[in-house]
Amino acid sequence: MIEMKHVHKQFDRLQALENVNLSIQKGSIYGLIGSNGAGKTTLIKLLAGIYRQDQGDILVDGTPVYENISLKQKIFYIPDQPFVFSHYTTTQMAYFYKSCYPSWSEERFEKLAQLFEVHLKKKIQTFSKGWQRQIAFILALSANPEILILDEPLDGLDPVVREKVKNLLIHDVAQREMTILISSHNLREIEDICDHIGIIHKGTLILEKELDELKSDIHKVQVAYRDSVPNKLIKTLKPLHSEKRGSVSLFIVRGEEDLIAKQIRETNPVIFDLLPLTLEEIFIYEMGDIGYAIKNVLV
Amino acid sequence: MPSKMSWFNKEMIRHIARSSGWISIVYFLGLLFILPIAMLMMYSNEHFPDYEGHNFLFQLNFEFQLGLLVIVPVILAVFLFRFLHVKQASDLMHSLPLKREKIFHHYVLTGMVFLIAPVVVITLIIMILHSILDFGRLFTLEDLFHWAGTTTVIALILYTASVMIAMVTGISAVHAILSYIFLFFPFGFVLLLFNNLKILFYGFPSDFFLDQQLEKMSPITYAATLNGRGFHWNDAALFLIISVVFYAAALLIYKKRKVEQASEAIAFPKLRSVFKYGVTFCTMILGGTYFSGVSDHNLAWTIFGYVIGTIFGYFIAEMVLQKTWRVFGRVKGLAVYAAIVIVLVLGVKTLGIYDNRLPDVADIRSVQLTNDPRLYLNHSEKDEDYNRMKPMKEKANIAAVQRMHRQILADRNLKHRKHEPLTDFYIHYELKNGSSLTREYSVNERLYDDFFKPIYESEEYKLAAKSIFKVKENKIKTINISAYGPLNKKLLLSDPEEIKEALSALRKDMLAESYQDSVYYHDRGSMIEIFMGDGQVVDAGEFNPGYHHFSKWLKKKNLLNRAAVTAEDFSHALIVKVDLANKGDMDPSKKELESKEGSLVIRDKRQMGQVLDQASASVDKEYKVIFYYKIDDSYEIMSFDEDHAPDFVKKHFLNR
Chain C
1 MIEMKHVHKQ
11 FDRLQALENV
21 NLSIQKGSIY
31 GLIGSNGAGK
41 TTLIKLLAGI
51 YRQDQGDILV
61 DGTPVYENIS
71 LKQKIFYIPD
81 QPFVFSHYTT
91 TQMAYFYKSC
101 YPSWSEERFE
111 KLAQLFEVHL
121 KKKIQTFSKG
131 WQRQIAFILA
141 LSANPEILIL
151 DEPLDGLDPV
161 VREKVKNLLI
171 HDVAQREMTI
181 LISSHNLREI
191 EDICDHIGII
201 HKGTLILEKE
211 LDELKSDIHK
221 VQVAYRDSVP
231 NKLIKTLKPL
241 HSEKRGSVSL
251 FIVRGEEDLI
261 AKQIRETNPV
271 IFDLLPLTLE
281 EIFIYEMGDI
291 GYAIKNVLV
Chain L
1001 MPSKMSWFNK
1011 EMIRHIARSS
1021 GWISIVYFLG
1031 LLFILPIAML
1041 MMYSNEHFPD
1051 YEGHNFLFQL
1061 NFEFQLGLLV
1071 IVPVILAVFL
1081 FRFLHVKQAS
1091 DLMHSLPLKR
1101 EKIFHHYVLT
1111 GMVFLIAPVV
1121 VITLIIMILH
1131 SILDFGRLFT
1141 LEDLFHWAGT
1151 TTVIALILYT
1161 ASVMIAMVTG
1171 ISAVHAILSY
1181 IFLFFPFGFV
1191 LLLFNNLKIL
1201 FYGFPSDFFL
1211 DQQLEKMSPI
1221 TYAATLNGRG
1231 FHWNDAALFL
1241 IISVVFYAAA
1251 LLIYKKRKVE
1261 QASEAIAFPK
1271 LRSVFKYGVT
1281 FCTMILGGTY
1291 FSGVSDHNLA
1301 WTIFGYVIGT
1311 IFGYFIAEMV
1321 LQKTWRVFGR
1331 VKGLAVYAAI
1341 VIVLVLGVKT
1351 LGIYDNRLPD
1361 VADIRSVQLT
1371 NDPRLYLNHS
1381 EKDEDYNRMK
1391 PMKEKANIAA
1401 VQRMHRQILA
1411 DRNLKHRKHE
1421 PLTDFYIHYE
1431 LKNGSSLTRE
1441 YSVNERLYDD
1451 FFKPIYESEE
1461 YKLAAKSIFK
1471 VKENKIKTIN
1481 ISAYGPLNKK
1491 LLLSDPEEIK
1501 EALSALRKDM
1511 LAESYQDSVY
1521 YHDRGSMIEI
1531 FMGDGQVVDA
1541 GEFNPGYHHF
1551 SKWLKKKNLL
1561 NRAAVTAEDF
1571 SHALIVKVDL
1581 ANKGDMDPSK
1591 KELESKEGSL
1601 VIRDKRQMGQ
1611 VLDQASASVD
1621 KEYKVIFYYK
1631 IDDSYEIMSF
1641 DEDHAPDFVK
1651 KHFLNR
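So the sequence lines, in the order shown, correspond to chains C and L. Letter by letter, the first sequence follows residues 1 to 299 of our numbering. Letter by letter, the second sequence follows residues 1001 to 1656 of our numbering.
It is possible that some hints are incorrect.
In silico negatives: residues of chain L with every beta carbon more than 12 angstroms from chain C [what the hints assert, rightly or not]:
(1) S1019
(2) P1036
(3) L1092
(4) A1176
(5) P1269
(6) W1301
(7) K1349
(8) D1355
(9) R1365
(10) V1471
(11) Y1515
(12) A1581
(13) L1600
If you want a taste of the chain L side facing chain C, the calculated C-beta under 7 angstroms gives, among others [unchecked claim]:
(14) E1011
(15) I1476
(16) N1480
Calculated directly from the structure, the hints in this document are not laboratory data. Cβ coordinates follow ideal geometry from the N, Cα and C atoms, glycine included.
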């Protein structure tokens, strides 16, 4: 269980994070979404124990992270641009991590290296960016961390590798109850693996939700009537959003699917469709004005 | 399973070795060429210098040794702590489950091993050379350990200082530069500050303060003088203690340091203004000192120097902090700084508390007046300091010194001509209320002859100032009297009875000496040195022609000819009278004098003796005399004035 309580962080005169509250359940995959400069990396580095907050608490299982070695031995952080010591090969880097992480598994490392077909004796910095990222994943997963913190991890990976990595992550979460914090400036990139989403904007966490809950709770309704839409219906549905395209009306409605369908059928529409929303649409409708302001983040 | 992880992390040390180990290797190779290989070359050429002393190992290629010693520790610290200054490396290192203490100790201690290992290996190599080849004449094994110890101690203090600086900054280049600034800082800053206080305050005794082994204030200047002098163990202990302090301070700062400050010039925001105004202040006083020096203390140029220094320093500091050169819009801080400095300086100058302070005679307990800045302080490591002037307590002398001081203050705006000979006077009062006052003035001594005369001629002054009255007769080993001039005459008195008589005669002469004579005969005659039993050499002044008691005693002992140049040493002498109003005649050459008409040649021993006893070494006298030695075509030019001219000389020139 990861918690951030009233966390503030300032860089010289720039307020990077303001009163951030966040909690991540064990074994969940938490997606942190935000535009560039929103504070994602700052939040992540605070969680990884690299930065120290100015105010507030950052706790993992109830204890602070900063300079807490036994805790940090369970956390692995992969930065947005993977970095290794210069002239180090994958094997050398593995030795180094092995000396730092007691949970390191040599067996796992060899397996993963085989799976990704990595040349272990080649200097890591001579690999392409995509390969360096894969090696970072191999090293991270070999350390068997309980918490994996990933800053924009899927950038620069081709679709095949991307799937491979996602599967591995999900596998570890399922098997060992690993907790993952994953950040992205693109909701679509991570919506298929996350079960929780937090949206950060200008240093504050503006929304934190469980995805399933979100998806089951909100619907897109398309209806058409011979005459006009009955007023009674609009009153009962209380749509978050409505628009009209020719004779077809479109509503975004909150509530239980069956109940909504029943209520609409009672009014005998000519056309009736009940569609799921994309995550992106959900956020835009959920957040109203702010949603539109950060629309580009969600795409 | 944290208990399984040992404190000692082999992989981390391996990483440190991979990134910075090459410096150790380069250091080793450098020392190898500078010392053992150079020694082998000497051996194979059979070119052994005649060397006695304990410093051979430092003197061998000292410039290169010094270069390595000053550069290697700082470069090593720069490369070791590069990870703090590169954002990504810093993030990686601090995301790992490693406590900062652990990271710090691993890095700093591994670095120390890198620094010391080459010295140890070189020491072993030299030991082997020493045992199989014939180097015993040049140095002993003790000298070798001394060399190794000194080199290590200095390398350690430079290294730990640079490690501490690494924690304060976030840019490697700034780290290197700041390290050297920091290491030079105590020396340079004190030097600059005192020189500037001298400009600001009339009479500030900067030389008095600056004369106190300033080179010890910086390990770099200390290292630079290593070939010339021994290294004391208490210095080594002090350096080691400071190294430990630096080490501890570095760790403390590291723990407080924020990782996000990588790539900032100064990693602590609060330190930035200290840095900015510190740099501004230092360049300001540097500019002032430089322009004051090159313009010969011209006030306008000095102020120009201060202004230029301030502007330069301020903008350079801003450039470093902002990491851009386009900082010229940020002048607010500069304006505030300038305003504060101007107000402070004007305030201090108008109040003139320092400049005009002159204690009342009634408040003074004792006073010292001397030309030598060292003379106040007893910093001689020996027990007795014969050169130090003792305080004078007599009312008359206190009043006379205070009167002279008052006159110097009154003359403060007097313009000195160019090339006017200036003498430094140091005045030190102990006041009855327990405080003291020290002032230093650079003045033309001749202007204060009337003030100084009664002081000089007082018995108390002579007993207080002249070392000959302070030596204890029974502790003297020998008295050496060496005559000035080309003959290298030397008399050595070692018989206790003779020493006693000579000392008593000299003391009588010195007590009787008038101020005029001391000025007139300055630099004439023979130098007196007293060698004490404990090895100290005391400069006991000069035996000049005015010292009748002593010359009588020497004559009686038939030693005069060995202690002083006498008429017997000359074949003849040539006397010329010159016109002092004519500038060219002030200090003429031998040729010029010989070509003058109306000169007087004397060959009579008695006459030559008479002239020799009346001659002064200074050039501003109207009669010039060339003494021609009997040997070697040597000669000496002296001069004397109308008052000292013998009658036969006056008679000769009367008719011209």
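Cross-check of the supplied hints:
| no. | hint | in the structure |
| --- | --- | --- |
| 1 | S1019 | violated, 7 angstroms |
| 2 | P1036 | holds, 32 angstroms |
| 3 | L1092 | violated, 5 angstroms |
| 4 | A1176 | holds, 19 angstroms |
| 5 | P1269 | violated, 6 angstroms |
| 6 | W1301 | holds, 40 angstroms |
| 7 | K1349 | holds, 39 angstroms |
| 8 | D1355 | holds, 44 angstroms |
| 9 | R1365 | holds, 57 angstroms |
| 10 | V1471 | holds, 67 angstroms |
| 11 | Y1515 | holds, 69 angstroms |
| 12 | A1581 | holds, 74 angstroms |
| 13 | L1600 | holds, 87 angstroms |
| 14 | E1011 | holds, 4 angstroms |
| 15 | I1476 | violated, 69 angstroms |
| 16 | N1480 | violated, 68 angstroms |
Going through the hint list in order, the structure does not satisfy hints 1, 3, 5, 15 and 16.
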